[in-house]
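2 protein chains.
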Amino acid sequence: MNKKDLVNQIRHKRTFLCIGLDTDINKIPKHLLVCDDPVFEFNKQIIDSTQDLCVAYKLNTAFYESNGIKGWESLIKTLNYIPENIFSIADAKRGDIGNTSQMYAETFFKTIPFDSVTVNPYMGSDSVKPFLNFDGKWVVLLALTSNHGSKDFQNILDNESLPLYKKVIQTSKNWGNEDNMMFVVGATKAGALAEIRKIIPNHFLLVPGVGAQGGSLKDVVEYGMNHDCGLLINSSRSIIYSSNDLKFATSARESALKIKKEMEAFLD
Amino acid sequence: MNKKDLVNQIRHKRTFLCIGLDTDINKIPKHLLVCDDPVFEFNKQIIDSTQDLCVAYKLNTAFYESNGIKGWESLIKTLNYIPENIFSIADAKRGDIGNTSQMYAETFFKTIPFDSVTVNPYMGSDSVKPFLNFDGKWVVLLALTSNHGSKDFQNILDNESLPLYKKVIQTSKNWGNEDNMMFVVGATKAGALAEIRKIIPNHFLLVPGVGAQGGSLKDVVEYGMNHDCGLLINSSRSIIYSSNDLKFATSARESALKIKKEMEAFLD
Chain A
30 MNKKDLVNQI RHKRTFLCIG LDTDINKIPK HLLVCDDPVF EFNKQIIDST
80 QDLCVAYKLN TAFYESNGIK GWESLIKTLN YIPENIFSIA DAKRGDIGNT
130 SQMYAETFFK TIPFDSVTVN PYMGSDSVKP FLNFDGKWVV LLALTSNHGS
180 KDFQNILDNE SLPLYKKVIQ TSKNWGNEDN MMFVVGATKA GALAEIRKII
230 PNHFLLVPGV GAQGGSLKDV VEYGMNHDCG LLINSSRSII YSSNDLKFAT
280 SARESALKIK KEMEAFLD
Chain B
30 MNKKDLVNQI RHKRTFLCIG LDTDINKIPK HLLVCDDPVF EFNKQIIDST
80 QDLCVAYKLN TAFYESNGIK GWESLIKTLN YIPENIFSIA DAKRGDIGNT
130 SQMYAETFFK TIPFDSVTVN PYMGSDSVKP FLNFDGKWVV LLALTSNHGS
180 KDFQNILDNE SLPLYKKVIQ TSKNWGNEDN MMFVVGATKA GALAEIRKII
230 PNHFLLVPGV GAQGGSLKDV VEYGMNHDCG LLINSSRSII YSSNDLKFAT
280 SARESALKIK KEMEAFLD
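Chains A and B, in that order, are what the protein sequence lines are. When you line the first sequence up against our numbering, it's residues 30 to 297, in that order. When you line the second sequence up against our numbering, it's residues 30 to 297, in that order.
Excised from the complex, chain A in its bound form (with noise of 0.2 Å):
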């Protein structure tokens, strides 16, 4: 999917949701567990129930690797079940030496085509670049992530009193283009989102930490959004997991239109 394509999409849907597919097996309800794929029948109630909601459906490899050969096989029955005209992200934050993104670039893009990949910056530009040759594919590449942990090392100052994760964004931003490249910005640092914006005044943002981490929605539209909106706030737990019991795909809709209702009032 194109940039054009993504930001006629909010415009017309009004939303910037992401919503994210981190389905785990032990959280979803109990009577799902006698269908033959429990996961991809969870999201597909939650795909059939949410899709006019959002733009972009996030699914968390990790969650599907754990369940080994049958996780990949519902990861792929799940990106096959999301339309078309939604954007579609891995959030599988690889990243390794040039030969071997390349092969990363190829699972995501072709074997499991996804439109996105998170990619993490920590081996540098060909560890990245492989991931850019790919027509209508993006890298969401880490720059400022939401946890806890990311004060150890993100934010160390280089000898400019460069803050690590704007170092990322400087140098990686033309590695690619606004048309090829978004950056993961963490909810939960909004006050960061302006100093980021004068790097990168147009680029999109995949934004995660709304909900369960915590992160303010306000603060995320005030200082992160651009003209063309700019922004993908994904929300995972707080959507899919809404409730545990038959209506959990009717639960999971009522939180994403919430947040659905508060963004349309932000792009207005």
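Hints are supplied without guarantee of correctness; some may be wrong.
Note that the list lumps identical chains together, so a pair holds whenever it fits in one copy or between two copies.
Calculated cross-link-like contacts (lysine to any residue; reagent style SDA-like; alpha-carbon spacing at most 25 Å) [what the hints assert, rightly or not]:
hint, residue 1, residue 2
1, Lys180, Asn209
2, Lys158, Asp65
3, Lys166, Glu291
4, Lys290, Leu61
5, Lys247, Gln74
6, Lys180, Ser154
7, Lys33, Asn206
8, Lys106, Thr140
9, Lys56, Asn162
10, Lys180, Asn128
11, Lys158, Asn55
12, Lys139, Cys64
13, Lys180, Gln131
14, Lys56, Glu135
15, Lys227, Gly97
16, Lys73, Gly97
Read the hints as simulated data drawn from the structure, not as lab findings.
Use these hints to put chain B onto chain A, whose structure you have.
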């Protein structure tokens, strides 16, 4: 596998070679393509012909993932085929927020029971610690990698002039201990090994980059070896692709034997 068993294996077999099974279906001998699982058949023959010459096998997950479900089947079959007394490494370079890293740890320590997994430090403590709660299992944390792009961020000096890769080692060494953490240090940066040994004299290091990437075994031993040996030197392409014909496994053995003989001399 615990540290004592690993050190005993090195002393007994007189080698500290790790063979990287970066098995690319496009690079293996054509006669294997008629097999039901060519990648596994290739790995099986390589393992048969080299298992007395090495102490570890490292499976680069990208090469398996890129073949989809079939690739994961090859990976699992290969792991099951590796003799129990040889150390196994999932070179997966995973890492995510705490609850997700927990899932990755379960993937590579339980679902697919490797002895160790490579982990990316960028997201900090809670992205690494979940991997450290499994008895006899190891985190191999990226510190200074062997690729060209490693200089982009890993050499950034903090305001005390400490490069990021040293900061990573300094900070993370206390998350685990010498019995459940190793560090990746590229052979192409042998000079840095002496500095790193000042911070972690006793930890094992996984050293890629000897062979195809141009690193020198002699330099690595000179600067990196400790009283337990403390080194696993990985070689992938320069062993497994030694030849591309019916005798590929014999050729791989010859290449591995050459390195093993050099290692023997260094162990004396």
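Now for the hints, and whether the structure bears them out:
{"no.": "1", "hint": "Lys180 x Asn209", "in the structure": "between (27 Å within a copy, 23 Å between copies)"}
{"no.": "2", "hint": "Lys158 x Asp65", "in the structure": "neither (39 Å within a copy, 34 Å between copies)"}
{"no.": "3", "hint": "Lys166 x Glu291", "in the structure": "neither (29 Å within a copy, 46 Å between copies)"}
{"no.": "4", "hint": "Lys290 x Leu61", "in the structure": "neither (30 Å within a copy, 57 Å between copies)"}
{"no.": "5", "hint": "Lys247 x Gln74", "in the structure": "neither (29 Å within a copy, 59 Å between copies)"}
{"no.": "6", "hint": "Lys180 x Ser154", "in the structure": "both (23 Å within a copy, 9 Å between copies)"}
{"no.": "7", "hint": "Lys33 x Asn206", "in the structure": "within (14 Å within a copy, 50 Å between copies)"}
{"no.": "8", "hint": "Lys106 x Thr140", "in the structure": "both (13 Å within a copy, 20 Å between copies)"}
{"no.": "9", "hint": "Lys56 x Asn162", "in the structure": "between (37 Å within a copy, 22 Å between copies)"}
{"no.": "10", "hint": "Lys180 x Asn128", "in the structure": "between (30 Å within a copy, 17 Å between copies)"}
{"no.": "11", "hint": "Lys158 x Asn55", "in the structure": "between (37 Å within a copy, 22 Å between copies)"}
{"no.": "12", "hint": "Lys139 x Cys64", "in the structure": "between (29 Å within a copy, 24 Å between copies)"}
{"no.": "13", "hint": "Lys180 x Gln131", "in the structure": "between (30 Å within a copy, 20 Å between copies)"}
{"no.": "14", "hint": "Lys56 x Glu135", "in the structure": "between (31 Å within a copy, 16 Å between copies)"}
{"no.": "15", "hint": "Lys227 x Gly97", "in the structure": "neither (43 Å within a copy, 40 Å between copies)"}
{"no.": "16", "hint": "Lys73 x Gly97", "in the structure": "both (20 Å within a copy, 21 Å between copies)"}
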